[in-house]
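A.B. asks: Chains as they are written, first to last, in this note's numbering: chain A, 1 to 727; chain B, 1001 to 1386.
Take these hints with a grain of salt, some might be off.
Stated by the list, open to error - One side of the interface only, derived from the structure: several residues of chain B facing chain A at Cβ under 10 Å:
no., residue
1, S1144
2, I1145
3, K1146
4, A1149
5, P1151
6, A1152
7, A1199
8, F1202
9, G1247
10, E1278
11, V1296
12, A1299
13, A1304
Claimed, not checked - Beta-carbon label-pair distances, calculated as ranges:
no., chain 1, residue 1, chain 2, residue 2, range
14, A, W20, B, G1200, 20 to 26 Å
15, B, V1090, A, D117, 52 to 58 Å
16, B, L1065, A, L23, 29 to 35 Å
17, B, Q1054, A, L23, 49 to 55 Å
18, B, K1216, A, A206, 54 to 60 Å
19, A, R126, B, L1065, 19 to 25 Å
20, A, R128, B, L1065, 56 to 62 Å
Since the hints were made in silico from the structure, they are not lab data. Glycine included, each C-beta is placed from N, C-alpha and C at the ideal position.
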Amino acid sequence: MSNLLVPRSDVSEFRKRYRWLALVAFLAFGVIAGRLFQLQIVRGADYAQTAHENVIRRVTLPTTRGVVRDSQGRVLASSRSSFNVLLVPGRVMPSARPSRRARSGVEEPDSFTRIADTLRLNPDERQRLATRIRDACVTDEDRSPCWRPILVREDLSRDIVAEVKQHAAEMTGAEVVSQPVRYYPYKNQGAHLLGYTSEIDAETLAKYRPPGYEQLSAEERQKQNPLGYDQGDIVGATGVERSWESYLRGQRGWEKRVVDARGRYRTGPEAERLLDAPSRQEPLPGRDLRLTIDMELQQSVERAMRAHVAGAVVVVDVRTGRLLALYSKPDFDPNDLAGGSGKERIREAFNKLYTDPLRPMLDKTMSGVFHPGSTFKPFSALAALEDKLISPYEKERCDGYLSFGRRIFRCAHVHGKVDMREAIAESCNIYFFKLAESVGMDRIARVANEFGLGQKTGIGVNPEAAGRIPTRSWYALRYKGQFRIGFTLNTSIGQGATTVTPLQLALAYAALGNGGTVYSPQLVRAVETSDGAVVQDFPPRVRQKAKIAPENLARVSDALYAVVNEDKGTAYPVRDRTLEVAGKTGTAQTGYVNPGSDDPKKAWYLSRDHAWFAAYSPAKAPEIAVVVLVEHGGSGPTVAAPIAMQVVKEYHRLAAARAIKLAAAGGAKKPEAKDAKDGVERKPAPAPGADSEPLPRDPPPPDPNGPPAWLPDPNDEPPPADPGDEP
Amino acid sequence: MRSRRDQARFFGMPRDSFDWTLFLTASALAVIGVINLYSATSVARAALSDIYVQQVYWLVLGGILGAVVAVIDYRHYERLGYLLYGVGIVFLVLVFILGKDIRGSSRWIAIGSFGFQPSEFMKLFLIIALAKYLHDDPRTEARSIKDLALPALITGIPTFLILKQPDLGTALIHLFIFVTVCLLTRIRWQTIVGIVVSAGIFIPLWWTYMMKDYQKQRIEVFLNPEANLLGSGWHAHHARVAIGAGGWRGQGFMQGTQNQFLFLPDQHSDFPFAVFAEDWGFFGCLVLVSLYGFLVLWAIRIAATAKDRFGAVLAIGVGALIFWHAVFNLGMVTGILPVVGVTLPLFSAGGSSVLTILLGIGLLMNVSMRRFWVSPTRTTSLLSRG
């Protein structure tokens, strides 16, 4: 055997090397130990912090946007859930992943076909989705888009959602997530005043989150972005949704969650241990709003306007300035714009609305300006009376026209000799031309301004137009040439450069009705918490008191009464015997459109006059003022006045019905009934047998034996008679 | 007739010279390694959770094979050196024919349900072949480039085959074993200068024409580690965070969040040290690094006491194997070297790796046990006593 083993050989060649090798090995491990010291001791705290941050994720907790209700507690805007389907590409189509076979021996089946069937995708969509998934799964490492969910379908119908949930086992990788979407149950009703919500746009977001925002401290962030806007957030775009955004929005909360490298949440004591306090901040739900609008009245306004394509109606409470109905036609369905149905659909809806020549997106009650026409005459008359320039009994002769130099100013009829009352009742232009000659433009403008015309009302909901009550200095600036008396004449009958918004006119007529108090229009009556407690209640606010002598005001009111109730009055033919209405018709010229310059039908339509009717009711103790504008509707007395009559009638019908209901509820539960005066608490429980609908908020009709309601001090509203107190 | 004495000489086993230091050091590493694997895979998916059990099986099998290797007198390996080398080369060629393709490279041959990685065992065959060459070529004067040509060829063939798989890490280990063995011998300084200069020319060419893109990417990540934290820098970054988060005393066994929450990739194969560092902190790491350092120094000591050239080169070769594996892996995990897939001896899970290291330790034991050999005449008397 020994021949197998080779003789031992000399090792002297190696002998000196061992020490060096040992030294090298020692140094190498020393370097590694030094590196460990650097990582674990010198920079250990930083790395520990990084490791901690790796596993802690702040998850934002959603808040719910406040609900908007009308004065009767009906929900006008709330949130509903929209169900969207998300797919995780790598799980839906494992066959698309490059390393599928390498990592696990088990063959995972594709759930793609099943999902596509369930979602009712057409072949084209199916093809596109498959391509998208394959593109995402070019790589499938831990952070590849292959594991990032993609949005496939928005706002699914309930049956598809149910199917996806029921067969979840067969649809690996598909997930249904619900997302709150603004919902407007009344659809088009009140669209302009409610507005709609939309996703925050890049420009607005940049204002709240300027570059470097992420680096700011928490307080600075709070200052820069108090409502915590983030990409993809929903914000109010117009109307109440926009102007009351800060109340409606609410505040998001957050919660710290323990998360692993794949983004999965971990629970249990092991994970809890890692959470540092504070670990959660509760979200604050948005505030609810109680509007002054009465949706039932709003709906009847819509019905009354059904025959016309464009216009605006304002109904305001004469005693408070609260808006009961605010209608602009044509309107739109905010549900189409609020999202949920997908971005493509929203874009389509916008395109349609913005190309409509009737301007459905414009809130004509406050953003649109129109010549007031004859509805302006009471203010011209007041200007004359105030400065005692004209005796109301003095008669002027109307021949149907009046010539000034080369120009001829026309009247609708030959009215013969008319005094002021008859001139208003019969709407004689000639009388007012002659009146304007002696009164002058600036005096008329002063009185109009006293009533808030030509100024923004400060409603603060949609971009408000100021309108214009021209003065001599305005004309001097605008027209370089000589001032012409014709300007004054046109101003006196609400033509020329005179423009107002329907809202202004309604508030001015309310002031005519209530003895000269011009209220700030009020749309939001109270702010409430989500459980119904009142946070903030808004009392009526007086904007200004018109400095007009009461006897002059009474004289004009009397003339407005005559418009409707005397046989020569312009609105007499359409009066309703059961109603007490005082008002003024108006037929405002809009300027002639040459048929050659445009589509003849359109030109004909645009050449027609605006039909107006401005009124308050009941005439002796007014509760509401109504302004009806039918754009290019033609004659005010025949087109606008009947609509106003219908609205007034509806108002009284509703008020009477509510008074009866209130009496029933009050009789059963006396103490709570008193709260109804306040109008904002929702808590009075309906009496047994009573309708479960919330109690009416409007004060009952004033006691006929009480003081006339048209001269009340608005800040000191007398308590309405409680029918429950009467035996 | 074969006498009992001849049998005893075939095994050549002086019982009293069992190297307890080597045995205990290696055992300590293996035990810590299994415990650490338990922590590393405790959270992971079911497919991984029995990895530490498999590791125990492999350690037992490796221990038995290592004992067998240690018992047979190493001079038999010297005799069969080139044959073993040839078998290794044949298996490397077989990889290209039968290899399993994983993540773009084929390194494995499937035997039943097990994967067998010939390149791991090739390291030992290379060491034996180099040892045999130096054994057969004793010199007292310095060696020139001509004298190094044959060992370079012996190293070059498997290195090239492994590079083609491609498996940069293992190829580098082969190369560095060769370099270490060369350092053991006396080389003319002109030759050293020549090699350094030609390497200076060759490496850029290699970078341009032979490196795979993923290999280049790893080196770029190493040179600029913070550039792409979510992409290719992910592994290196999270390993560093895990180690740093360990601090002085560590987060505690199975408490490291980087590992428990899956931020560490390949936590059982290439990055178990990061798990260990996070769990046990700087103190634990010092113990572990000291164990590796001690094992390497002990291998050098065994080489120094070896009584012939073959044994000395064998011990140095196995020492170099452990040294380079440990240094590459620890350097990679701590971020002082680029990420190359090199396992940490007795720490990384994997049958071929564990078997190779334990067979290597068996060789060390073999050389160590036969260090008291003095002269053929004394051998007889020693053996006759036992």
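A.B. asks: All hints are to be evaluated individually against the structure, with a verdict given for each.
C.D. replies: Quick rundown of the hints versus the structure:
no.	hint	in the structure
1	S1144	14 Å, violated
2	I1145	17 Å, violated
3	K1146	17 Å, violated
4	A1149	18 Å, violated
5	P1151	14 Å, violated
6	A1152	18 Å, violated
7	A1199	18 Å, violated
8	F1202	23 Å, violated
9	G1247	4 Å, holds
10	E1278	8 Å, holds
11	V1296	5 Å, holds
12	A1299	9 Å, holds
13	A1304	5 Å, holds
14	A:W20 / B:G1200: 20 to 26 Å	23 Å, holds
15	B:V1090 / A:D117: 52 to 58 Å	54 Å, holds
16	B:L1065 / A:L23: 29 to 35 Å	33 Å, holds
17	B:Q1054 / A:L23: 49 to 55 Å	38 Å, violated
18	B:K1216 / A:A206: 54 to 60 Å	40 Å, violated
19	A:R126 / B:L1065: 19 to 25 Å	57 Å, violated
20	A:R128 / B:L1065: 56 to 62 Å	58 Å, holds
In the structure shown, a violation is registered for the earlier hints numbered 1, 2, 3, 4, 5, 6, 7, 8, 17, 18, 19, in ascending order.
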